[in-house]
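Dock chain X against the given chain A, drawing on the hints supplied.
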Amino acid sequence: MALSSLIRKKEDTFCKIKNIMFLISLTRIIRFALQNFYRNIWLSIITITIIILTLFSLTSLIVINAGVSQAILTIKNKVDISIYFKNSTNESTVNPLKEKISAYTNVKEVELITASEALEKFKNNHKNDPLIQKALQELDANPLGPTLTVKAHDVNLYQQILSQLKQDKIDQLAEEIDYDDNKLVIERLEAISQKVQRLGLIISIIFAIISLLVVFNTIRIGIYTHKEEIGIMKLVGASNWFIRAPFLLEGIIYALLGNIIFWLLFYLAAGFLQPFLFAFFIDINFNLINYLVSHFLYIFGFELIIIIILNTISSFIAIGKYLKV
Amino acid sequence: MTKKIMIQFRNVSKTYPPNVHALKNATFHIKPGEFIFLVGQSGTGKTTAVRLLIAEEKVSAGRIIVGGWDITHIPRRHVPLLRRQIGVVWQDFKLLPKKTAFENIAFALEVSGSENSRIQKIVPQVLKIVGLEDKAIRYPAQLSGGEQQRISIARALVHRPKILIADEPTGNLDAVNTREIIDILQKINEFGTTVLLVTHNRDIVNSLKKRVITLDHGIVIADQEKGRYFL
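Residue numbers (this note's numbering), protein chains in the order written: chain A, 1 to 325; chain X, 1 to 231.
Chain A on its own, in the form it takes in the complex:
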């Protein structure tokens, strides 16, 4: 029989048993990948360690970012305009004003604090100050008037609102208009946040490059030790993908193990640090563990994909040159 028809016949048979063959090859590929992993256990450990370090810098960046944005948000929320009225002012006078201010397009919400509420709040705020408590007791009537608290959609809109209040002559009705300008603090925070992001990005890029080089080198050394084997595989008729696949799979195993170990360590560390962090973040209401739990799939998936892509590209490049037999 001519060799070509023999080959054609063989190719037909190939198609028929393709599925079985695929499974057989797959189990062999997995076996070879695990063998490579065990037989170069030190290289594997080093690669995984580098992946963990990369993930640490990347995740820290994400968490710090989230914390800083939460801080800015909290401070922004604390900015408001308080309009204090005289204690003689009726709520019937204040209520229409509340409606009026609420109608401003740049106003998010207006809150009315009645005179009695204001007194309660004041008492509460100074409950440890006996002098003030005593003074209050000596007063017959409520010295405080109602207050309107105005919140804008954005910090930059408060100046507009102030001038609008002036236009509508509300400032004349009020005893005092108090605007606690936190703008400077916010600007500073945003500047810091940008710097943190930029620094984090640079650190992440450096780590990504180091990781890329180390992963690339690890896989290259691994492949170099298999150079002879690859050549023989090719000469006895192995296809390129059959040779490549175990190495690519090995890269995915590195990525998976690196990610899992990293997250275990990170959760342990976060749980350990949580009390300290809680004290630090108490004013901005940021819970690291809760944040990680609620964003886990997103961050984990993102980082896993990044590392897998990194490893796949490295092994693809590294193995390419030994396949040209």
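Simulated from the structure, these hints should not be mistaken for lab results.
Please note that a few of the clues may not be correct.
Stated by the list, open to error - Using 25 Å as the maximum straight-line C-alpha spacing, the simulated DSS-like pairs for lysine-lysine come out as follows:
no., chain 1, residue 1, chain 2, residue 2
1, A, 227, X, 98
2, A, 321, X, 58
3, X, 121, X, 58
4, A, 166, A, 108
5, X, 99, A, 227
6, X, 128, A, 321
7, A, 151, A, 108
8, A, 100, A, 166
9, A, 227, X, 58
10, A, 121, A, 98
11, A, 324, X, 128
12, X, 98, A, 9
13, A, 86, A, 166
14, X, 31, A, 9
15, X, 94, X, 128
16, A, 76, A, 86
17, A, 78, A, 134
18, X, 99, A, 324
19, X, 98, A, 324
20, X, 187, A, 321
21, X, 121, A, 9
22, A, 121, A, 134
23, A, 321, A, 227
24, A, 227, X, 94
25, A, 324, X, 58
Positioned in the frame of chain A, the structure of chain X alone reads:
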């Protein structure tokens, strides 16, 4: 006509840049079941001819047809198929040091996706052909040179190739082992496999009285039935 020819070299040339001419206009035909010596001194293009046959290299000019299949411009994805049709034995054995004899032979079947049951059946068969069925679990380092070469011949046989190419298979062996290897190759040839034996061992060529193709500086200078080594 092509059916009666197993290997055809038609005006094959191979030039390595800048201007090393490994083969120049080589033409010869090999019929199925033949036992052929390809002889010549070192660097005369014998190994190049082998490398061209298993598509390790591409020809610079001319055509190569194997069993009616023109492999001159063989696509990369078909190269593994070609190599599973041609058994090759090398001077340096090319065995994997960390695998046993059995595993080395099984390896050639594994990479081509053979089922495990088939591997369990074929490997003992080929081990028997080379007479090493009792050394299946030895590692290459635990075998003599001649035994290692017999393992590599066994590996070359697992795909039941129509052609067996042996490139200086006895180059690293003493006279006794050389004799054994040649006997095995003759036995394989008697089963119907075409054997192309590349060598510069004068004694073997002269004692077997088979067809001899002689290369000199990349040129086929002689092609004789029952030839002799005359260089």
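Against the structure, the hints come out as follows:
Our distance criterion of 25 Å between C-alpha atoms is met by residue 227 (chain A) and residue 98 (chain X), whose separation comes to about 14 Å. The straight-line distance between the Cα atoms of residue 321 (chain A) and residue 58 (chain X) is roughly 17 Å, inside the 25 Å bound, and the hint therefore holds. For the given pair, residue 121 (chain X) sits about 36 Å from residue 58 (chain X) by alpha-carbon distance, which is inconsistent with the 25 Å threshold. A hinted pair counts as satisfied when its Cα atoms are at most 25 Å apart, and residue 166 (chain A) with residue 108 (chain A) qualifies at roughly 19 Å.
This hinted pair checks out: residue 99 (chain X) and residue 227 (chain A) have alpha carbons roughly 15 Å apart, not beyond 25 Å. Between residue 128 (chain X) and residue 321 (chain A), the direct Cα distance comes to roughly 37 Å. Violation of the 25 Å bound is thereby established for this hinted pair. Between residue 151 (chain A) and residue 108 (chain A), the direct Cα distance comes to roughly 5 Å. Compliance with the 25 Å bound is thereby established for this hinted pair. Our distance criterion of 25 Å between C-alpha atoms is met by residue 100 (chain A) and residue 166 (chain A), whose separation comes to about 13 Å.
A C-alpha spacing of about 22 Å is found between residue 227 (chain A) and residue 58 (chain X), which places the hinted pair at or below 25 Å, so the restraint holds. For the hint linking residue 121 (chain A) to residue 98 (chain A), the alpha-carbon distance of about 20 Å falls within 25 Å, and the restraint holds. Straight-line distance between C-alpha atoms of residue 324 (chain A) and residue 128 (chain X) comes to about 34 Å, which puts the hinted pair past the 25 Å bound. Between residue 98 (chain X) and residue 9 (chain A), the direct Cα distance comes to roughly 35 Å. Violation of the 25 Å bound is thereby established for this hinted pair.
Distance check on the hinted pair: residue 86 (chain A) and residue 166 (chain A) sit about 17 Å apart at the alpha-carbon level, within 25 Å; holds. The hinted pair formed by residue 31 (chain X) and residue 9 (chain A) meets the criterion: a straight-line CA distance of about 22 Å does not exceed 25 Å. Distance hint between residue 94 (chain X) and residue 128 (chain X) is fulfilled; the C-alpha atoms sit about 20 Å from each other, no more than 25 Å. With a C-alpha separation of about 28 Å, the suggested pair residue 76 (chain A) and residue 86 (chain A) falls outside the 25 Å cut-off, and the hint is violated.
The suggested pairing of residue 78 (chain A) with residue 134 (chain A) is violated, with an alpha-carbon distance near 30 Å, which exceeds 25 Å. At roughly 24 Å between alpha-carbon atoms, residue 99 (chain X) and residue 324 (chain A) fall within 25 Å of each other, so this suggested pair holds. Straight-line distance between C-alpha atoms of residue 98 (chain X) and residue 324 (chain A) comes to about 23 Å, which keeps the hinted pair within the 25 Å bound. Restraint check: the Cα-Cα separation between residue 187 (chain X) and residue 321 (chain A) comes to about 39 Å, which exceeds 25 Å; the hinted pair is violated.
A hinted pair counts as satisfied when its Cα atoms are at most 25 Å apart, and residue 121 (chain X) with residue 9 (chain A) qualifies at roughly 22 Å. For the hint pairing residue 121 (chain A) with residue 134 (chain A), the CA-to-CA distance comes to about 16 Å; that is within 25 Å, so the pair holds. Restraint check for residue 321 (chain A) and residue 227 (chain A): the C-alpha separation of about 10 Å stays at or below 25 Å, so the hint holds. The straight-line distance between the Cα atoms of residue 227 (chain A) and residue 94 (chain X) is roughly 12 Å, inside the 25 Å bound, and the hint therefore holds.
Between residue 324 (chain A) and residue 58 (chain X) the CA atoms are separated by roughly 12 Å; this keeps the pair inside 25 Å, and the hint holds.
Hints 3, 6, 11, 12, 16, 17, 20, counting from the list given before, are not met by this structure.
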